[in-house]
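Dock chain B against the given chain A, drawing on the hints supplied.
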Amino acid sequence: MIRFQPTPLDQMLGHAVQIFPDECCGFLYGKEDEEGNRVVTEILIVDNAKPGDKRRRFEIGPRDYMKGEQYAVEHDLTLLGIYHSHPNHPAIPSEHDRVAAQPYFSYIIISVKDGIVDHVRSWRLNDQAQFDEENTLTIQTIHQSI
Amino acid sequence: MATVIIPTPLRKFTNQQAKVQIPAKTVGEIIQSLATNFPDLKKHLLDEKGKIRSFVNVFAGEEDIRDLQEENTLVNDATLVSIVPAIAGGISL
Numbered sequence: 000m001i002r003f004q005p006t007p008l009d010q011m012l013g014h015a016v017q018i019f020p021d022e023c024c025g026f027l028y029g030k031e032d033e034e035g036n037r038v039v040t041e042i043l044i045v046d047n048a049k050p051g052d053k054r055r056r057f058e059i060g061p062r063d064y065m066k067g068e069q070y071a072v073e074h075d076l077t078l079l080g081i082y083h084s085h086p087n088h089p090a091i092p093s094e095h096d097r098v099a100a101q102p103y104f105s106y107i108i109i110s111v112k113d114g115i116v117d118h119v120r121s122w123r124l125n126d127q128a129q130f131d132e133e134n135t136l137t138i139q140t141i142h143q144s145i
Numbered sequence: 000m001a002t003v004i005i006p007t008p009l010r011k012f013t014n015q016q017a018k019v020q021i022p023a024k025t026v027g028e029i030i031q032s033l034a035t036n037f038p039d040l041k042k043h044l045l046d047e048k049g050k051i052r053s054f055v056n057v058f059a060g061e062e063d064i065r066d067l068q069e070e071n072t073l074v075n076d077a078t079l080v081s082i083v084p085a086i087a088g089g090i091s092l
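Line order of the protein sequences matches chains A and B. Residues 0 to 145, numbered by numbering that gives the first Met the number 0, are exactly what the first sequence covers, in order. Residues 0 to 92, numbered by numbering that gives the first Met the number 0, are exactly what the second sequence covers, in order.
Simulated from the structure, these hints should not be mistaken for lab results. Just so you know, these numbers come straight off a predicted model, no measurement behind them. The beta-carbon is built from N, C-alpha and C at its ideal position, and this holds for glycine as well. Some hints could be false.
Computed list of lysine-lysine pairs in DSS-like fashion (alpha-carbon distance at most 27 Å, straight line) [what the hints assert, rightly or not]:
hint, chain 1, residue 1, chain 2, residue 2
1, B, K50, A, K49
2, A, K66, B, K48
3, A, K30, B, K18
4, B, K42, A, K49
5, A, K66, B, K18
6, A, K30, B, K50
7, A, K49, B, K24
8, B, K50, B, K11
9, B, K41, A, K66
10, A, K66, A, K30
11, A, K66, B, K50
So the derived label-pair ranges between C-beta atoms look like this [claimed, not checked]:
hint, chain 1, residue 1, chain 2, residue 2, range
12, B, L67, A, I91, 37 to 45 Å
13, B, S32, A, P89, 22 to 30 Å
14, A, G13, B, P22, 43 to 51 Å
15, A, I115, B, A77, 48 to 56 Å
16, A, G13, B, T2, 34 to 42 Å
17, A, Q127, B, E61, 15 to 23 Å
For reference, chain A alone in the conformation it holds in the complex (with noise of 0.2 Å):
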């Protein structure tokens, strides 16, 4: 299970509908309890590094990802995981995420369409490498679960 305060919610899908038609990224803090909830009180708005082209693809920098993880130290939060947006396609992992991807992280996906959020869905990877369902994160279920 993964919830969102309203403030960093908000935040992240105003970005991927900023950003659109390119794909935005960015970083997920919180805490997450012993049940392995997770809460995401903060994001980080990061640069889509990936050169050239950013409508279908994304990428975080290591110079990036490194002040990630130092961010996460300065405030006493967890890196809880990754966002990004999927720009007028469906939020399902693609073979490009289900390789990158790292255990143990939340993989956010925002699926814009034609400008406005369609919806959200959570992801992370099981001990097969596969990606699994967090939970079903429509846009209402989202606010209901705030």
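Positioned in the frame of chain A, the structure of chain B alone reads:
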């Protein structure tokens, strides 16, 4: 001896340790030592040929070891070595 910073997603393989001290003279020795001491970490660091995976970046201080002497990059007691996973994805390759 050098200090290695383990990224958050890989800490489950290092008993939740964020920093590990490793006696070594090169980055290559550090990576091999990590793979030996934390067997579950190995597949996330090394490919089938025993080389650092393409999805893994290693920094010595602020420098990518690919811009230095790669795995032969020397380290000392003051060197902070960071394991940095490549973060990428998107709709298509």
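To see whether the hints hold, each was checked on the structure:
1. B:K50 / A:K49: Holds, at roughly 25 Å.
2. A:K66 / B:K48: At roughly 31 Å apart (the allowed maximum being 27 Å), K48 of chain B and K66 of chain A break the hint.
3. A:K30 / B:K18: 20 Å, holds
4. B:K42 / A:K49: 26 Å, holds
5. A:K66 / B:K18: With a Cα-Cα distance of about 16 Å, the restraint between K66 of chain A and K18 of chain B holds, given a limit of 27 Å.
6. A:K30 / B:K50: 34 Å, violated
7. A:K49 / B:K24: 34 Å, violated
8. B:K50 / B:K11: It holds: about 22 Å lies between the C-alpha atoms, which stays within 27 Å.
9. B:K41 / A:K66: Cα-Cα ~25 Å, so holds.
10. A:K66 / A:K30: 19 Å, holds
11. A:K66 / B:K50: 26 Å, holds
12. B:L67 / A:I91: 37 to 45 Å: The hint (37 to 45 Å, Cβ to Cβ) holds, given that L67 of chain B and I91 of chain A are roughly 39 Å apart.
13. B:S32 / A:P89: 22 to 30 Å: 43 Å, violated
14. A:G13 / B:P22: 43 to 51 Å: 48 Å, holds
15. A:I115 / B:A77: 48 to 56 Å: 51 Å, holds
16. A:G13 / B:T2: 34 to 42 Å: 38 Å, holds
17. A:Q127 / B:E61: 15 to 23 Å: 36 Å, violated
Of the numbered hints given earlier, the model fails hints 2, 6, 7, 13, 17; all others are met.
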